[in-house]
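With chain A's structure known, arrange chain B on it following the hints.
Protein chains: 2
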Amino acid sequence: MNENKRVGYLGPEGTFSHEAVLKVIDENTNIIPYPNILNIFESLANNEIDEAVVPIENSTEGSVVITLDALTFFNLKIKAELELPIKHNLLVQKGKTIDDIQVICSHQQAIAQCRNYIHNLKKPVHTMPSTANAARYVSELSTAAVIGNKILAKKYDLEILDYNIQDYSNNVTRFIIIGKDDQKQPSGNDKTSIILSLEGDKPGGLYEILGIFVNENINLTKIESRPSKQGMGKYIFFIDLEGHQKEPSIKKALDAIESKVSMFKILGSYKTITVEGELK
Amino acid sequence: MNENKRVGYLGPEGTFSHEAVLKVIDENTNIIPYPNILNIFESLANNEIDEAVVPIENSTEGSVVITLDALTFFNLKIKAELELPIKHNLLVQKGKTIDDIQVICSHQQAIAQCRNYIHNLKKPVHTMPSTANAARYVSELSTAAVIGNKILAKKYDLEILDYNIQDYSNNVTRFIIIGKDDQKQPSGNDKTSIILSLEGDKPGGLYEILGIFVNENINLTKIESRPSKQGMGKYIFFIDLEGHQKEPSIKKALDAIESKVSMFKILGSYKTITVEGELK
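For the protein sequence lines, the chains are A and B, in the order given.
Residues in the first sequence are numbered from 0 upward in steps of one, following numbering that gives the first Met the number 0.
Residues in the second sequence are numbered from 0 upward in steps of one, following numbering that gives the first Met the number 0.
Chain A on its own, in the form it takes in the complex:
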């Protein structure tokens, strides 16, 4: 008898991460909510779960920096990625109007994605550990409203006062599925993520790295810097590129880059899962 696969996500039930994990699992999977992203990485590193789904980037607010830092620290791999359209709503206790509301509660990413909307409401904001925690709080406090997904209305017996309140209509969050291994063989339609830091942060160092990709005709889909934590002005670069690390041109470029930098790590080669595709 096969044991069920265990997949961790940022809980509790009702978060956008919960929505994301439901898109990528089958019936032989147990999903396990975690209170924060660091706990998920630790649990995966300790073999308490087999995989995890974590947010890495939002099209409005940018990177989820805890995820980037954890990818640097832990020796785990990206197995797949998933882009989930994110629609925010304002939910209150049934029968309440906006005039009854004295405080807006939500997770910090949701707040950031609705910053202009909240600014116009001119009501104070309360940051909570998750959108679902905020909804539970609102279910007990008639003067509070929560920003989150529609699922929360049913789960916490709330009413949706305002729909699609995110500042930018094409608001998308990119989730990654992490595990002990990435996708071993090229599918012909893969991405690869790497991180590196430059020797002594010399000027022109990044230019030289980008030149290696240009020479091999490799498309970069993202380049981002994060502090190396070693003091102001020292950075780690996160680069996403099109292709699998086993394709000859990619392998050649990555080998050349590895010889030129002070730190280099391949986070994984993986496919993009299309939502509302073959996976439920």
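Simulated from the structure, these hints should not be mistaken for lab results.
Take the hints with a grain of salt, since some may be wrong.
Chain copies aren't distinguished; within one or between two, either way the pair holds.
Derived pair list, reagent style DSSO-like, types lysine-lysine, alpha-carbon separation capped at 27 Å [stated by the list, open to error]: (1) K86 with K183; (2) K183 with K270; (3) K233 with K264; (4) K221 with K121; (5) K179 with K76; (6) K270 with K233; (7) K122 with K4; (8) K270 with K228; (9) K259 with K221; (10) K228 with K121; (11) K22 with K183; (12) K121 with K245; (13) K233 with K86; (14) K86 with K228; (15) K4 with K22; (16) K233 with K221; (17) K22 with K233; (18) K22 with K93; (19) K149 with K228; (20) K221 with K264; (21) K122 with K228; (22) K233 with K76; (23) K95 with K183; (24) K179 with K4; (25) K4 with K233; (26) K264 with K93.
Only chain B this time, still in chain A's reference frame:
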């Protein structure tokens, strides 16, 4: 009679931003606390204040993304920058011990800069609008502790339970002073900040831009991407470089770049203010 200069900062009194603003003003300045960074930019754009001091980057946690987004949106200039060493402490009501504490409160940046420390405490975290708000809350709740600077102990009658709890000892926050104009003339020791977005996000576009800087021997001190809000995969690049926009080689490079990109803005040329230097 001259009117006093009005300088806005992220309040209330006792925050690290308050510490920063005190380093750069003289006796003819009125300092005005604001509840959030967006309010500061709006107030400056509406001439309600003359200048403002806002955090832009921390060596552990990275950019303050609200500041980057506001610099993109508003037509304001960077006049100067200041790097402030940030030391965090754990403060509680007098006589309390760590065993009395059930929740840790602070601003989200302070929490992020002490993430490992908090993780080891294994106590829940409550995000507040500022370190000073959190201290006020702790002064009324004997089971809560606040993470913040030493000033809070005196101001809110608290006791420091643990010193220097930031995860990385060389923790520094970079603040910028913004106003209607930047520093008009080169001092010989300036930095210039620009933002740009690439035509159709074509591959090799960033490589071409970096090549212009390399050809003119211009050192870049920072390059960072932010979402353009136009959908996943579209970015605005923030670049800091050494030199003043009126120096011939910088002017030549910036003119060349402006002709190659779809959006280009100079955020200002400015000097770095050394803390504990001539300014009090």
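Of the hints stated earlier, which fail here? Failing hints, ascending: 1, 4, 7, 12, 18, 23, 25, 26.
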